[in-house]
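There are 4 protein chains.
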Amino acid sequence: MKGEIFDKQRVISFSDAVFSIAITLLVLDIVAPTYKELKAADTLQILQNRIPSIIGLIVSFIVIALYWVAHMRIMKYVSTINKKILRYNIFLLFFIVLLPFSTAFYVRGFMLKGPFAFYCFNLSAIGFFNYLLNIYIPKKEKGLTGITSVLAKYFKYRALIAFIIWVLAGIFAFLLPMFARLLFLFIFILEAILVKIYKKKLISEKTIV
Amino acid sequence: MKGEIFDKQRVISFSDAVFSIAITLLVLDIVAPTYKELKAADTLQILQNRIPSIIGLIVSFIVIALYWVAHMRIMKYVSTINKKILRYNIFLLFFIVLLPFSTAFYVRGFMLKGPFAFYCFNLSAIGFFNYLLNIYIPKKEKGLTGITSVLAKYFKYRALIAFIIWVLAGIFAFLLPMFARLLFLFIFILEAILVKIYKKKLISEKTIV
Amino acid sequence: MKGEIFDKQRVISFSDAVFSIAITLLVLDIVAPTYKELKAADTLQILQNRIPSIIGLIVSFIVIALYWVAHMRIMKYVSTINKKILRYNIFLLFFIVLLPFSTAFYVRGFMLKGPFAFYCFNLSAIGFFNYLLNIYIPKKEKGLTGITSVLAKYFKYRALIAFIIWVLAGIFAFLLPMFARLLFLFIFILEAILVKIYKKKLISEKTIV
Amino acid sequence: MKGEIFDKQRVISFSDAVFSIAITLLVLDIVAPTYKELKAADTLQILQNRIPSIIGLIVSFIVIALYWVAHMRIMKYVSTINKKILRYNIFLLFFIVLLPFSTAFYVRGFMLKGPFAFYCFNLSAIGFFNYLLNIYIPKKEKGLTGITSVLAKYFKYRALIAFIIWVLAGIFAFLLPMFARLLFLFIFILEAILVKIYKKKLISEKTIV
Chain Z
14 MKGEIFDKQR
24 VISFSDAVFS
34 IAITLLVLDI
44 VAPTYKELKA
54 ADTLQILQNR
64 IPSIIGLIVS
74 FIVIALYWVA
84 HMRIMKYVST
94 INKKILRYNI
104 FLLFFIVLLP
114 FSTAFYVRGF
124 MLKGPFAFYC
134 FNLSAIGFFN
144 YLLNIYIPKK
154 EKGLTGITSV
164 LAKYFKYRAL
174 IAFIIWVLAG
184 IFAFLLPMFA
194 RLLFLFIFIL
204 EAILVKIYKK
214 KLISEKTIV
Chain Y
14 MKGEIFDKQR
24 VISFSDAVFS
34 IAITLLVLDI
44 VAPTYKELKA
54 ADTLQILQNR
64 IPSIIGLIVS
74 FIVIALYWVA
84 HMRIMKYVST
94 INKKILRYNI
104 FLLFFIVLLP
114 FSTAFYVRGF
124 MLKGPFAFYC
134 FNLSAIGFFN
144 YLLNIYIPKK
154 EKGLTGITSV
164 LAKYFKYRAL
174 IAFIIWVLAG
184 IFAFLLPMFA
194 RLLFLFIFIL
204 EAILVKIYKK
214 KLISEKTIV
Chain W
14 MKGEIFDKQR
24 VISFSDAVFS
34 IAITLLVLDI
44 VAPTYKELKA
54 ADTLQILQNR
64 IPSIIGLIVS
74 FIVIALYWVA
84 HMRIMKYVST
94 INKKILRYNI
104 FLLFFIVLLP
114 FSTAFYVRGF
124 MLKGPFAFYC
134 FNLSAIGFFN
144 YLLNIYIPKK
154 EKGLTGITSV
164 LAKYFKYRAL
174 IAFIIWVLAG
184 IFAFLLPMFA
194 RLLFLFIFIL
204 EAILVKIYKK
214 KLISEKTIV
Chain D
14 MKGEIFDKQR
24 VISFSDAVFS
34 IAITLLVLDI
44 VAPTYKELKA
54 ADTLQILQNR
64 IPSIIGLIVS
74 FIVIALYWVA
84 HMRIMKYVST
94 INKKILRYNI
104 FLLFFIVLLP
114 FSTAFYVRGF
124 MLKGPFAFYC
134 FNLSAIGFFN
144 YLLNIYIPKK
154 EKGLTGITSV
164 LAKYFKYRAL
174 IAFIIWVLAG
184 IFAFLLPMFA
194 RLLFLFIFIL
204 EAILVKIYKK
214 KLISEKTIV
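Residue numbers (our numbering), protein chains in the order written: chain Z, 14 to 222; chain Y, 14 to 222; chain W, 14 to 222; chain D, 14 to 222.
Calculated directly from the structure, the hints in this document are not laboratory data.
Treat the hints with care, as some may be off.
If chains are identical, the list can't say which one is meant, so a pair holds when it fits in one copy or spans any two.
Straight-line Cα separation of at most 20 Å, EDC-like style, residue types lysine to aspartate or glutamate; simulated pairs [unchecked claim]:
| no. | residue 1 | residue 2 |
| --- | --- | --- |
| 1 | 126 | 204 |
| 2 | 52 | 20 |
| 3 | 209 | 20 |
| 4 | 97 | 20 |
| 5 | 21 | 218 |
| 6 | 214 | 50 |
| 7 | 49 | 17 |
| 8 | 89 | 20 |
| 9 | 213 | 20 |
| 10 | 96 | 50 |
| 11 | 49 | 218 |
| 12 | 209 | 55 |
| 13 | 152 | 50 |
| 14 | 214 | 204 |
| 15 | 209 | 17 |
| 16 | 166 | 17 |
| 17 | 213 | 17 |
| 18 | 97 | 50 |
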């Protein structure tokens, strides 16, 4: 029903639990060697065979950790959880839950275009609902919980960068495969630029992010 | 012992943890493709082969998420956890824990009647204990925690709708298989009607749900 | 170092998380049918083949749930977590973590004596550390947190019953296998007797358990 | 952005969740016997075949439990979570998440040098980030949250011991395999000595650790 308000503490602890379980389940995808493999190969070879799995674990671990940090960052400014925030949050968590599968799919077909594009689709879906939270919450709270209009813009662009880069990576997966796989580096570059632009403004407003 | 009271905070956080683990374990049922499958099929075909699994994930994810929301909704009005609430809650969690198995069973036998009926049985068992919580808590709290008699009725019927629809879906699984699979849509229709009926009454009582 | 005190809130939430994960992992042991099995057998037969797994899930679910309830019950009376409580608690959690394995072992060898005895050993180990917590905490708190000497005795015997019954079940597994498997029913009978004995005393003390 | 502060409660509950999930996932590595194995071997033989797995579970369980205790110990003295603490904490959790894989790898190649060295590498990586937290937090808090300079030194050396021992165990894995496997016992010996040295100083300062 409209106007309904949910327990913020529970929404946050449920989200934290989903983030933490998904991040820990990632390890299940790195298969322990069989006795046969242990006889045929030494430790370095066994680890070499798992390079795609290990890259997958590292990338997805960083992605989940960063979205969890983003979740902490924006939820700090929420006064009450209404139905819309709850819904966006549940969709966000759905794509977090899907990530261990996407990671495993991408890792198995490490050199293929399709699985990588699917992985990018998953990441951009997470990015999309994070973006929705980051534009809706400042609008809802109207500056009363400490989000100034400058901070709101900073949050918006920050969320937008990750979303767009993963969409682009998904598209370029088919056109320029190697470029697509390095595209995520632009997230860090663009975020660094964003921080540079907004730092002064935020300090002059005395807003500590 | 009768009259015993339990730590509400712990009961809620334990429940949240079980909900979140069950919802995240669902992804384990979508099997990552083998190298053999990756060679024989392209990404779209691989995803097509997983349509039952993905539908299973989506449906069960939504189901668990909605019962978690229902749990938040009713627990807001609980002052103390007595033995009866604790027991209903543990039974509810048992059938939440069972859901990843029921989902996998239903997904494997996607076109079969039996596995779908078993899945409906699991969902109606969750619905049943949710219903028990929704009728017992208003009775126990006697309006002192903010549940008016109108709100109590609204909660009761809301919980009843989902329970009855899943029981019916389980029965119709054998009589009208395709109809049974679409029956869950009635939950949303009936809930929309219920909201329409109770909205005015709840507003006139100044009860924000 | 002696005298060190730990964050009670964290110890409890960590314990709750371990209890809830172990209880949810139990479902992984009920294997979803393969396509081959689905073709050869109908739903009832498939479920019949899983009767040991389902019994294992139900029994271990109840056991973990009851020890979690016991944990809530005794921890309510703890003022501070010292090293000794922390240690007993970690040992208790170790045997909770082991339970999904013991359950799977017992379920696979459902009619065998050894696996059942191992399962009983696991349950009695959980019971043992629960017992240690139930005798140490009243001694440590010296009645200051609300544990009267009558209540302390009630807690002690209650914890003792479950421990002894599982030890006996493990021993009788080799002597009277069928009797051993029904022995756990005595836990409920003896607890009911215990409640009868202590109820009046506790009420006369105005101690609501 | 520099100066950003994160929700301490969420960082701690997320960490607790990761610790507890990793510690519980360890059990998945002890494989339940197949029906074939159950027919060919009795319970004792089956358990004997799992001695490496069980040792792996016990060692890794203790390791995770001890680092969780260390996490509780140091986090008690943190006033606010800044970016640096958050980052160290996320790296620490990464290597906690990796541990179920390292444990499985080490257990499968129980008598081999390489897998054991990899396991030691994982443990020393955990130890390294624990060490960074233990030297950074006292520096950041400047004694305001109760860490005296004596206590800071005690924390530093305590974290250093475990880190160095696991590095050494990794190196000796190739030179003196049997010695390397017993080296961890020095952690307990050196910590006992450390406690002896610092006990008086801490008591004279009235610092209860």
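Comparing the hints with the structure gives:
1. 126 x 204: neither (27 Å within a copy, 44 Å between copies)
2. 52 x 20: Classified as neither: same-chain Cα gap 55 Å, cross-chain 47 Å, threshold 20 Å.
3. 209 x 20: Close neither inside one copy (36 Å) nor across copies (24 Å); limit 20 Å.
4. 97 x 20: Result: close within a single copy only, 14 Å intra versus 23 Å inter.
5. 21 x 218: neither (28 Å within a copy, 24 Å between copies)
6. 214 x 50: neither (58 Å within a copy, 53 Å between copies)
7. 49 x 17: Classified as neither: same-chain Cα gap 58 Å, cross-chain 48 Å, threshold 20 Å.
8. 89 x 20: Answer is both: 14 Å inside a copy and 8 Å across each meet the 20 Å cutoff.
9. 213 x 20: neither (36 Å within a copy, 24 Å between copies)
10. 96 x 50: Result: close neither inside a copy nor across copies, 52 Å intra and 42 Å inter.
11. 49 x 218: neither (63 Å within a copy, 58 Å between copies)
12. 209 x 55: Neither way: residue 209 and residue 55 sit 48 Å apart in one copy and 43 Å across, limit 20 Å.
13. 152 x 50: neither (56 Å within a copy, 47 Å between copies)
14. 214 x 204: within (16 Å within a copy, 48 Å between copies)
15. 209 x 17: between (39 Å within a copy, 15 Å between copies)
16. 166 x 17: Cα proximity of residue 166 and residue 17: across copies only (17 Å, versus 28 Å in one copy).
17. 213 x 17: Answer is between: at 14 Å across copies they meet the 20 Å cutoff, but 39 Å inside does not.
18. 97 x 50: Classified as neither; 51 Å inside a copy, 40 Å across copies.
Checked against the numbered hints given earlier, this structure breaks hints 1, 2, 3, 5, 6, 7, 9, 10, 11, 12, 13, 18; the rest are met.
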